[in-house]
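In the numbering used here, each residue's number is its place in the sequence shown (first place is 1) plus 211.
Hints listed in this document are in silico derivations from the structure and should not be mistaken for laboratory results.
What you are looking at is a predicted structure, and each value in this text was computed from that prediction instead of being measured.
Virtual Cβ for every residue (Gly too), placed ideally from N, Cα, C.
Mixed in with the good hints there might be a few duds.
Claimed, not checked - Think about it this way: if two alpha-carbon atoms lie no more than 27 Å apart in a straight line, the pair counts; the simulated DSS-like pairs of lysine-lysine are: (1) Lys395 with Lys249; (2) Lys287 with Lys325; (3) Lys335 with Lys287.
Claimed, not checked - Distance windows between CB atoms, simulated: (4) Gln382 with Leu229: 14 to 20 Å; (5) Thr321 with Gly375: 35 to 41 Å; (6) Phe371 with Ala413: 27 to 33 Å; (7) Ala270 with Phe371: 22 to 28 Å; (8) Arg391 with Ala222: 39 to 45 Å; (9) Arg391 with Thr284: 38 to 44 Å; (10) Leu281 with Leu218: 45 to 51 Å; (11) Ala342 with Arg303: 22 to 28 Å; (12) Pro350 with Arg398: 48 to 54 Å; (13) Asp213 with Leu379: 33 to 39 Å.
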Amino acid sequence: MDTHVWLAYVATAIVFSLAPGSGTVNSISNGLSYGTRKSLAAIAGLQIGLAIHIVLVGAGIGALVAQSALAFTLIKWVGAVYLVWLGIQKWRDRSSLMAESATQNQRAGTLLRKAVLINLTNPKSIVFLVALFPQFLDPTGDQLTQLLVLGITTVTIDAFVMLGYTSLASQMGRFIRSDRIMRKINRVFGTMFMGCGALLAAAKA
């Protein structure tokens with residue numbers, strides 16, 4: 212892959228990652244609630260979900276999902292329901308800012324699993340990657356190597372962007388000293404999760 216083509220893809224991938232979505236909402240919410248270090252598991256989960264999408268696209272399954280109205284609709288509604296459920300859970304969150312460390316440690320696996328599902332149940336990512344990858348692939352070159360380069364680039368950029376969102380939110384969280392304010396923030400993000408679910412439900416292949 213030529214350097215100028217790769218740089219063009221880097222710019223495109225940065226825009227893709229910066230665009231607000233359920234992953235962004237999840238990262239900011241976790242940064243406010245748990246801080247940067249404890250949110251790393253969720254960032255890793257988002258990248259696992261994204262990596263699975265990239266593998267599916269590389270294997271040709273992504274094209275099938277993009278072309279199959281039934282497959283797209285099924286994944287779309289699973290994702291929409293899951294995001295709405297996350298929103299309801301966030302609305303009902305009564306956790307204190309002074310949560311015990313043992314409870315925080317137990318959340319790492321849960322944060323990772325939730326984040327994986329957030330990306331996995333978003334078929335728009337697959338459709339986007341199916342449309343995007345061919346624009347940067349050289350049909351005369353080694354397809355596997357090029358897909359690996361694009362995939363690693365995508366995951367790396369998204370990880371740094373989500374880390375940035377999480378870190379900024381964590382810094383904001385240091386100025387929040389009231390459980391009442393934290394509950395209001397949880398409701399804001401709960402509403403945002405449900406909004407993402409509604410947008411996903413309205414999405415068309």
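**Request:** Sort out which numbered hints this structure fails and list those numbers smallest first.
**Result:** The structure breaks hints 5, 10 and 11; every other hint is satisfied.
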